[in-house]
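Visitor: All chains should be modelled from the sequences, with the hints used to inform the complete structure.
Here the protein sequences come in this chain order: A and B.
Counted the way our numbering counts, the first sequence spans residues 1 to 389.
Counted the way our numbering counts, the second sequence spans residues 1001 to 1225.
FYI, nobody ran anything at the bench for these hints, they're computed from the structure.
Please note that a few of the clues may not be correct.
[What the hints assert, rightly or not] A short list of chain B residues far from chain A (calculated; beta carbon distances all over 12 Å): (1) Asp1009; (2) Ile1029; (3) Leu1145; (4) Val1215; (5) Glu1218.
[Stated by the list, open to error] Cut-off 20 Å, straight-line C-alpha distance, at most; resulting in silico cross-link-like pairs (EDC-like, lysine to aspartate or glutamate): (6) A:Lys379 <-> A:Glu309; (7) A:Lys222 <-> A:Glu250; (8) A:Lys69 <-> A:Glu309; (9) B:Lys1192 <-> B:Asp1219; (10) B:Lys1141 <-> A:Asp21; (11) A:Lys381 <-> B:Glu1077; (12) A:Lys59 <-> A:Asp194; (13) A:Lys24 <-> B:Asp1143; (14) B:Lys1098 <-> A:Glu250; (15) B:Lys1177 <-> B:Glu1193; (16) A:Lys145 <-> A:Glu157; (17) A:Lys222 <-> A:Asp210.
We put the CB at the ideal spot given by N, CA and C, even for glycine.
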Amino acid sequence: MNLVAWVYFPARLAWRQLIFDRTKLIAATCGVLFACVLVFMQQGFRDALYASAASAPVKLHGDLFLMHKQSEAMWRPIRFKRSELMRALGNPAVTEVYPLYLGLAPFKNIETRGKRTLMVYGFDPDSLIFDIEEIKNKRTALRLKDTVLFDEYSRPEFGPMRQLLEAGRRVTEVNDYKITVVGLFRLGVSFAADGNIVTSDLNFMRIFPDRSLNDIDLGVIKLYPDTSIKQVQAELSSQLNEFVNIFTYEELLQNEKNYWANMAPIGFIFGFGTVMGLVVGLVIVYQILFTDITNHRNEFATLKAMGYEHGYFIRVVFASAFFLAILGFIPGYLFSLGLYHLAESQIFMPMPMTFAKAMTVFLFILSMCMTAGFLAIHKLKAANPADMF
Amino acid sequence: MSPVIDVYDLNFSFGSGALTQPVLKNVTISIRKGEIVLMTGPSGSGKTTFLTIIGGLRQAYHGSVRVLDQQLINSSEQVKVSVRQQIGYIFQQHNLLKSLTALQNVSMALEMQNRMTEQQRLDRAAEMLNAVGLGERLNYKPDQLSAGQRQRVSIARALVGQPKIVLADEPTASLDKQSGHEAVTILERLAKESQTTILLVTHDYRILDMADRVVELEDGVIKEK
Ligand SMILES: Nc1ncnc2c1ncn2[C@@H]1O[C@H](COP(=O)(O)OP(=O)(O)O)[C@@H](O)[C@H]1O
Ligand SMILES: [Mg+2]
Chain A
1 MNLVAWVYFP ARLAWRQLIF DRTKLIAATC GVLFACVLVF MQQGFRDALY
51 ASAASAPVKL HGDLFLMHKQ SEAMWRPIRF KRSELMRALG NPAVTEVYPL
101 YLGLAPFKNI ETRGKRTLMV YGFDPDSLIF DIEEIKNKRT ALRLKDTVLF
151 DEYSRPEFGP MRQLLEAGRR VTEVNDYKIT VVGLFRLGVS FAADGNIVTS
201 DLNFMRIFPD RSLNDIDLGV IKLYPDTSIK QVQAELSSQL NEFVNIFTYE
251 ELLQNEKNYW ANMAPIGFIF GFGTVMGLVV GLVIVYQILF TDITNHRNEF
301 ATLKAMGYEH GYFIRVVFAS AFFLAILGFI PGYLFSLGLY HLAESQIFMP
351 MPMTFAKAMT VFLFILSMCM TAGFLAIHKL KAANPADMF
Chain B
1001 MSPVIDVYDL NFSFGSGALT QPVLKNVTIS IRKGEIVLMT GPSGSGKTTF
1051 LTIIGGLRQA YHGSVRVLDQ QLINSSEQVK VSVRQQIGYI FQQHNLLKSL
1101 TALQNVSMAL EMQNRMTEQQ RLDRAAEMLN AVGLGERLNY KPDQLSAGQR
1151 QRVSIARALV GQPKIVLADE PTASLDKQSG HEAVTILERL AKESQTTILL
1201 VTHDYRILDM ADRVVELEDG VIKEK
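Guide: This is the structure:
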């Protein structure tokens, strides 16, 4: 028998049986659609998490980065001595080193006076470690006492900062310390922080009076052009104290992502959510295929009596599973697309619908349906023509 | 010429051990090509069981059952499938696929023949439905047909593949007098035209005259009448 007929005939029968009972078809499609949306949302949130987790390092400008070995991620760093960073200057390939100070602190909404925690970045305004145009342009303003720049992409709960600034309302408190917002920049929220402000290292110490310039959270190292970053990294790791990690830019990104994927329970939660969505879908599809086989038991037995082989019915079941996957995925995809847009506009999470993500979810849904088909085919044995007539 | 159905000393029982229930006892019968044989007998005498063995649907282990020159005793699945493909089966209930139209139902019997194109299958199926008087009902689903019409569709389905043997298990039992008679007459006419062998189980004494031979199965023992 040729291959087209081998697949086509059972698929055609499966299709005709599926569309015969519209109500059941709609119910089945909804089941798959539900699983599909669930998985899309879990995947979307997870990717948004990884993307935003790495949003701060994405905008840092440097060749190598020093971090304490025990720092799991940038939002909860372990401090180390500034002198450790200075020692890097001993390497002839290093041109400049700059410390970065990080701290979480409550920020008072200018309008509502409500407080909410955001991330405070302190850096030397003479350095160019932030790869963000607005920060570079406002460096002189940041040199003044008690000035900060506010991240426009922070969550709206911090207040409509652009309008407030235009209205001349620029004074508020961070960590109960009075500051003036002198400008805006764009970075983006992450799961660790709902908002960001950037200030000078000196202002940072004023906001956090128990911090010292000598205890830094992250060190940024710049090298002479055309030096091998990998080689300097290797040299530094033998020269510097063993309690610091020396990351390249990519390694820093990866470290942040790994933290959220593996260390933080949140990565697990999204993985778990995906699995749960698939399990629910699996049960629904299995249930549908199973009752379908039961209802068609007589018809299958009749076909068997006419000389159809067992394999034909297995292909019918898998074809049904395949059609359910397609029929559920298409509306599920469109629905999720809408939800992604909603999430982007309402909770300011980057949720792009990429081709790769759509493909991944489709493969998940397809395997889910095929597994359901695989579990359901044992029921075919009940279609024994001898006991039917 | 060797008979198309040749059964010798067939024994068959359901269950095992103390619960063994013998159903067919030393059944011996030969049916020649083109013969129309009617089988009667009280309910529970083993007629359906006998047909399912002949049709390759049920496995028997004792005696000899040669159908179309293939031995069905202790046969492989392959042999049974090949016998099934050469036999047209008509069941007591019509057993049509309810999601398919009459035309699609009939052409299902031709899907296993890959030498035909789809168009040839549909043409052949339509021709057959015409022959059973349903040319106007090709695209009706079973729900939209009467019981008699449904049984005629299943006659068309059984005959469309030009089987060498037709096995029919009380095909008129669920029909009223008139449509039952119609269905059987059509079956007889078409079978005669194509020299098809028929083994038909029935309680309906009004159709006995179409038979070349009538046999009776009683308590698992076969008797010629
Ligand atoms: N699948 C089965 N399992 C066990 N016993 C069966 C089965 N099918 C039929 N029988 C028994 O075999 C006997 C013959 O049944 P059957 O061939 O259906 O008779 P008929 O068709 O002549 O009415 C009956 O006593 C019936 O109870
Ligand atoms: Mg019976």
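Visitor: Work down the list of hints and note, for each, if the structure agrees.
Guide: Against the structure, the hints:
no.	hint	in the structure
1	Asp1009	holds, 21 Å
2	Ile1029	holds, 20 Å
3	Leu1145	holds, 15 Å
4	Val1215	holds, 20 Å
5	Glu1218	holds, 21 Å
6	A:Lys379 <-> A:Glu309	holds, 15 Å
7	A:Lys222 <-> A:Glu250	holds, 15 Å
8	A:Lys69 <-> A:Glu309	violated, 64 Å
9	B:Lys1192 <-> B:Asp1219	violated, 31 Å
10	B:Lys1141 <-> A:Asp21	holds, 13 Å
11	A:Lys381 <-> B:Glu1077	holds, 14 Å
12	A:Lys59 <-> A:Asp194	holds, 17 Å
13	A:Lys24 <-> B:Asp1143	holds, 18 Å
14	B:Lys1098 <-> A:Glu250	violated, 62 Å
15	B:Lys1177 <-> B:Glu1193	violated, 25 Å
16	A:Lys145 <-> A:Glu157	violated, 26 Å
17	A:Lys222 <-> A:Asp210	violated, 29 Å
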